[in-house]
Amino acid sequence: MGVKSWILPLFLLQILFGKFGIAELEQHTERISGSAGDVLEDDPVGRLKVFVYELPIKYNKKIVGRDPRCLNHMFAAEIFMHRFLLTSPVRTLNPEEADWFYTPVYTTCDLTPNGLPLPFKSPRVMRSAIQFISTNWPYWNRTEGADHFFLVPHDFGACFHYQEEKAIQRGILPLLKKATLVQTFGQENHVCLKEGSIIIPPYAPPQKMQAHMITPDTPRSIFVYFRGLFYDVGNDPEGGYYARGARASLWENFKNNPLFDISTEHPTTYYEDMQRAVFCLCPLGWAPWSPRLVEGVVFGCIPVIIADDIVLPFADAIPWEEIGVFVAEKDVPNLDTILTNIPIDVILRKQRLLANPSMKQAMLFPQPAQPGDAFHQILNGLARKLPHDKSIYLKPGERTLNWTAGPKGDLKPW
Amino acid sequence: MLSLVSISLHTFSCLLSLYLGFRFSRLFSFSPPTSSSHLNNFPPLPLSYSPPKPLINPLTSPPRPRPISGRHVISIRPWAHPNPTETLQAHRILSAVQSEQRRRHISPRLPSPPRKFLIVTPTYSRTFQAVYLSSLAHSLLILPYPVTWIVVEPRGSRNDTSAILARFPRLHVLRLSYPGSMPNTWAQRSRVESRMRLMALREIRDQQLDGIIVFADESNVHTMELFDEAQMVNWIASASVGILAHTGILEKDIEESESTNKQSSSLGFPVIGPACNSSGHFVGWRALDTSNYTGKIANFVGEEGLVVPNQFEWAGFVMNSRLVWEKAEGRPDWVRAFSVGGSVADETEIENPLDLVKDVSFVEPLGRCGKKVLLWWVRTEARLDSKFPTRWIIDKPLQITVPAKQTPWPELPPEIVIPTNPTPTRQSLTDKQHSKTGRSSRPRHRSRGKRKRESHMNSS
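Listed in order, the protein sequences are those of chains A and B. For the first sequence, our numbering gives the first residue as 1, with consecutive numbering after it. For the second sequence, our numbering gives the first residue as 1, with consecutive numbering after it.
Bound conformation, chain A alone:
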C-alpha cells in the first residue's frame, strides 16, 4: 500500500512532463481555431448529403470544351467543385434524402481573347439552368431554392458584372434570393453579398505553386513584397477609381523606400520571392479579393490586407485577424509605420500560424481532393448551416420569387 501510493503521483508527473515535451516539439506551428471553433480539420462525410442535378452538357461540359482556359484561371473553382462532388462520398443519388442540392452551371467561362470572363450572358445562363431544374424536379419549387447552393466565383458574385457600379445596380439575381451562394466576393454591407453566403478563396493552381517551393531555411530578407498594377492604364489612367486610389497611393508613397519591394514587373521568380518575404501586400483591385491572399498563405508570407470591410474566405473557420495584418485604405500612407510597429513576437506568432499545414491546405483546390482542402471547407460550411429551418418549406400555393424581375435582357432564353 505504501509503495502504491508512490506510483500514482509519479505517473501523473510523468504525464505532465510528457505533455510539456510534446508541446515543445509542436511549438513551430499553432492550431488554428476561428469563431466556429477548431473546425478546419473537420470531416464533412456523414454530416451532410448533396444531390447533384444532371444538367444537359450545354451548361457545363460544352462550355469548358469550347474554352479550356477556364480550367486555369482564378474562377476555375466552379468547374472543379462539380468534378469533386461527382465522386465525393457526400454525394447521394437519392434526392429525397439530400440536405443540399447542387446545380453545375459554369457561368464564368465566356472568355475574351485575353482570358477575362465576360459576365453579359451569365444571368441568362443561370436563369435557364434554374428554369430547367424547376421544371424537371420538384425540389426547387418546394423551397424556392433555399436548400440549393450555387458557385458564383466571378468579381461581384451573383451580381454578374465586373464594374462595381453596374453590379450594385443589378443586384443579386432575383431568382437566387433564397439560395446559398458560394462566392469569392465578400464585402460587408454590400448589395452583392447576401447573408449566409460562403466566401471561398480564388482558384490558384496547386501544382504550379508546389513546383516553385524553396527550402524553408532560405532566409526571409525582403520586408514587404508586391507585384501588380498600381494604375490601371487602360481603364483609369489618372488613378482614383482603380482600387479606390489605394494602390496608386501605395506606389507614390513607397516607391523610394528600399524596404518595399514593389513593382509592376512580371518576374519568373514571383513565387520564390514571396517565400523570401516577410509581408506580402494584398490590396484591393477592381474587386476587394485577390489571389495574392492564397499565394501569401501558401508561401508563409504574412498577408497585409488593404481592403476596407472585406470578408475573407472561410471567416468563421479561420481567424484572419490573428494571421494577417489589416490596414485601412486611408492608412496606406502610414503603412511603413504600421508594419514596423508590430511587435516581433506577434510577427513570429503569425508566421507560426501560417506554417500550419491545415491553413495552407484550406486555401487550395487540389486535384484529386485532399482532406482539409477548400472543397472540404465548403462542405463543412454547408454542414454548419444544417439542419434547415422548417420555414424554408413553402406551403402549397405560396410563391415569393418574381420570375420576371430584373433587366429585360436577362429574360431572353439561353
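To be clear, the hints were calculated from the coordinates, so they are not data collected in a lab. Source: prediction; values computed, not measured. Ideal Cβ positions, reconstructed from N, Cα and C, are used throughout, including at glycine. Some clues are possibly wrong.
Facing chain A, a subset of chain B residues (Cβ under 7 angstroms, in silico) [said to hold, decoys possible]:
hint, residue
1, 76
2, 86
3, 90
4, 100
Starting from the known structure of chain A, fit chain B onto it as the hints suggest.
Then chain B, alone, in the frame of chain A:
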C-alpha cells in the same frame, strides 16, 4: 427673371460645393501630427478634380461608412521617404525572423555545443591585402561559432598585417611567421602558399589544437553555409568551389573565353569539387581543364590576364584537426600520418590536401553532395609595382599633384586641395575621398593603358 435667378443660384451653389469640397477633402487626407505648413499638407489631386459624389463629411457621417464608389483621392504624405528609425526597426524584425528560421530549420541539424573552427589563411603584404584580409575578418566575425584564425605570413609582412588585424580585436588570431618571401609568379606563389599552410598544420599538430580546419584564402568569398556544413565533418570533407577566373581582364576577352570554354558549367563559370551520381554517392571530382582557356593566362602576379587555379586547390577542403595530430583516437587507417618536419624535402610531397589521405573515396562531400557552390575562388591583384600608403592613410598633404588626363573629375584649383583631415587628395584617385581604408583606388583605365604598353614592350 425667375430662370435667371435659379441659374445664378445654381451656379452659386455649384461653386460653393466646389469650394466646400475642396476644404473638406483636406480633412480626410493624411496629415502628420507634426505638420509642416498648410500648403504642404494638401495632397496633390488628380488633374480633373471634381468633388466625389456623395461627399463624406467625417463629422456627420455614420461611424462605419460604406466605402463609396467614384473617384477617390490618392493620398500622398508630404515626406514620402523612409524614416530611419523605422528602417532600423524593420531590420530588427528581419533579423528576428531570420534567427527564428535558423533556429527552426538549421540548428536542429547542427551539433551542439558548436565545434570550434581553425581557419588557415596565408597572406602577404601587397596593395590588396587590406581589402582581402579585412573582408575575410568580417566574414569570420559574423560566424556564430568559436574561431581561431591562423594567419601565416612571410617575415617582411608583419607590420602591414598587424595594422590590419589591429582593427579586429574580437577575433582570436594566431600569427605564424614563414621564413622566406613571396615570389611574384602565380605558380611559385601557390607553392609558397601551400608551404605556409603546411606550416600552420604543423603548428596545429604540435599544439594539439582541437577543431575543424578550414582553408580560407583571403581573396575568396565564403558563404555562411560553408561553415554550417563544415560543422558536420567527420574527418575530411570537400565543398564545391566556383571559379571566377575572368576578373581583371577586358570585356571582349570574356566573351572570347566563354564561347570557347566548354569546361564551364551551365552557370557560365567552372566549378571544381566533389561530384555525385544520381543516387547521391560520391563518385569523383570535377576538376578544371586549363587548356580550355584561350585568353592570355597571367604569369606574373599583377599582370593582365586570366588567373586560373590548380588542379586541386586547398580552398574548399575542411578537415578535422585530429587528422594531423601525432596520435588521435579513432582515426581511421586511410589517413596518412602527417609527419612533415621542417625541411624542404618533406614539404614538396604534399601539394594538396588529398595527399594527406591514402584513400580518396572517404572524402565527405558538402553542400547537398556538391550540388551547392559554397565558396567562390577569386584571385585579382594590383600591379606588382603599385604603391600604396601604410594603413591607407596619407598623413601629410602630397607635395606634387598631377591632374589626371582621362578622368571625368573636374580639375580643382590647388587651394581647395589641401585637406584638414587625412584624406587622399590626389586627383588621379578616382575613388571617394573618405579614407575608406582597403579600397583599391587605381584608376583602371590609366593603369590598363600603361600595362598594355608595357606588355607590348615585354613581348617585343
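Hint by hint, here is what the structure shows:
1. 76: Holds, about 5 angstroms.
2. 86: Holds - the Cβ of residue 86/B comes within 7 angstroms of chain A, reaching about 4 angstroms at its closest.
3. 90: holds (5 angstroms)
4. 100: Holds - the Cβ of residue 100/B comes within 7 angstroms of chain A, reaching about 6 angstroms at its closest.
Hint compliance for this structure: no hint is broken.
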